[in-house]
Amino acid sequence: MSAVPLTGVAVEPTGEPANPAPRNRRAPRVGAEPSRITRLVILIVVGLVFVVPLAAMFEFTLRSAGTTALGFGHYASIFHPDAAAGVDYSPLFQGLRNSLVICLITVALMLLILLPTMLFVELRYPRFRRVLEFVCILPITIPSIVLVVGFVPVYQRVAAIFGSQPWTLAFAVGIIVLPYAYRPIATNISAFDLVTLSEAARSLGGSWPVVVWRVILPNMRRGVVSAVFLTVAVVLGEYTIASFLSQNTFQTALLLISQTDSYVATIFALAALVFAGILLVIIGRFGAIRPGGRERRVRRARPARPTRPVRSRSAS
Amino acid sequence: MTTQSIPDARTRPAGSSASSPAPREACDAGGTRPRRRSLAWLGFTPFAAYVVLFLGVPAVIAVASGFFSADGSITVANLRAFTDPTILKAFQGSLLVSIVSAVLGAVIGALVCFALLGTRAEGLLRTVVDAVSSVLAQFGGVMLAFAFIATVGFQGFVTLWIKSTFGYDINGDGALLYKIPGLILPYTYFSVPLMVLTFMPAMEGLKATWGEAAATLGATRRQYWTRIAMPVLAPAFFGSLLLLFANSFSSFATAAALLSQGGIVPLTIKQQLTSETILGVSNTAGVLALGMLVIMVVVMFFYSLLQRRAARWQR
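Same order as they appear, the protein sequences are chains A and B.
Residue numbers for the first sequence follow full-length UniProt numbering, beginning at 1 and rising by one.
Residue numbers for the second sequence follow full-length UniProt numbering, beginning at 1 and rising by one.
In isolation and in its complexed conformation, chain A is listed as follows:
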């Protein structure tokens, strides 16, 4: 901090001759923003490098053993597996079904346990916000491989109660999901005045269920949708827990199938990545548009006006 006035004094004389030079462009760029060319170069180079593995995956799915010609043969074979070659994709579909069931239960856990607890803390015991945050972020610190060491004995008990069903994994996966579900909901809660709104609704005679259902939840659409989508993405991508608790889920099935038919495994992997990408783009757009959010529209309108005059002066 103390360095700032020092440089100001030292540089003052050189600042003046520096000024006319960029004037013939527009104005000197100030601040951290990169020039258009720098931005384009970085984004294109990094973007291309990151596209290569995905493109390689796609190219791989078009290959077939023996020939150099590319074709969509493997895509067709998903639905008409060659029984004679001993290829059986049923574990993959079974795993996908199991993963979707686990998704449903995990989402239910988040909406019926985490969300009410967060609202409860916010409305009744705000002093425990830090404790709740700590607990919810904790699973990031504990690697899932470490948790698995403890899950194995816990699940021997769980299996004794519920049987060794794939859906029981949802309890373990829910812990892994906790940080991802917590963050968007917490951000959403801090973005609107939950306490005042609920007090106003209460003073107008709403009962708590009515307040939660008709006042609070409509304000939390964005956070809840993000939490749900992130939960779905994380559950579909979960491998560690499923593999150690010997359940067949989408990821374990992918790895299994890749040993007999790596083409189809790659097709499914690529499809899952694209699906998750689309899901998250939808979250992003949903957040940007948000139907009916008046406060949002105001906020969007405000930056739209000043950017135009600013842009003509400097490149911000």
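What the hints contain is simulated information worked out from the structure, not anything from laboratory work.
Honestly, I wouldn't trust all of these hints.
Unchecked claim - Label pairs and their computed distance ranges (CB to CB): (1) Arg129/A to Ile162/B: 52 to 60 Å; (2) Ile78/A to Lys89/B: 37 to 45 Å; (3) Phe192/A to Lys207/B: 21 to 29 Å.
Glycine included, each C-beta is placed from N, C-alpha and C at the ideal position.
Chain A is fixed; fit chain B onto it per the hints.
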């Protein structure tokens, strides 16, 4: 943890409201009816029960199992595993892969954040970058392993291209991907997006007014960067770097899909868990889990310190 802190703090609001009216606390807690307060605590039960059963208990078991011998008595003899050369090598491998991929990821990711400065946060570009980043950072696992087999595996796209244009076989001395340093490639691939996600808020925290103030005082852009932006961003940068390290260090799925034997700690834990027969409670795995946890706790402690420092400029 929750069970400890809840009854602990429970006495406090009750005591304070009894001794003094304490208007702020009363309206903070949202209830002026102490009669109900005792019942309201039940609201925590589902969450507390769930977290204790599926987070508290497994975490305690994981660490505690390292301190039991095969016949069930308490011992610290298992800690001798840390002198085993293969286990030491696994920690070395893990640290090597995590550090290199974290540094690469942090530098490249910070460049991307820099390039994204000044784009609209709600624009299509940022939305797509954010979405792709969180897919690759959090969702990849097994699927990224496939992607890299298709890229630099024996018949990989890039392998074949390099062979045909430069005549060099990157898998010449053994498969690149199936060795420990080969993991750096996929690990960097999911570290960069994580850096974009965690570092972007700090980058956006650079106020335009600081740049203008520096410029009016005659600072060049280089001076602005070295004297203002970099010192402000440093805590966030190193914090994110630690987070990338922690993420790579605890990552399992990608490595498990590529390597069948050990070499990094998570894979060694897997070997221990699957080879031992005593009802899944394998003691060496517990010791390794403890070792990992110690490193993670240290890293995350410094991360939260740096994060708190970085938060000073983000508002």
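### Query
Checking against the hints above, which ones are violated?
none
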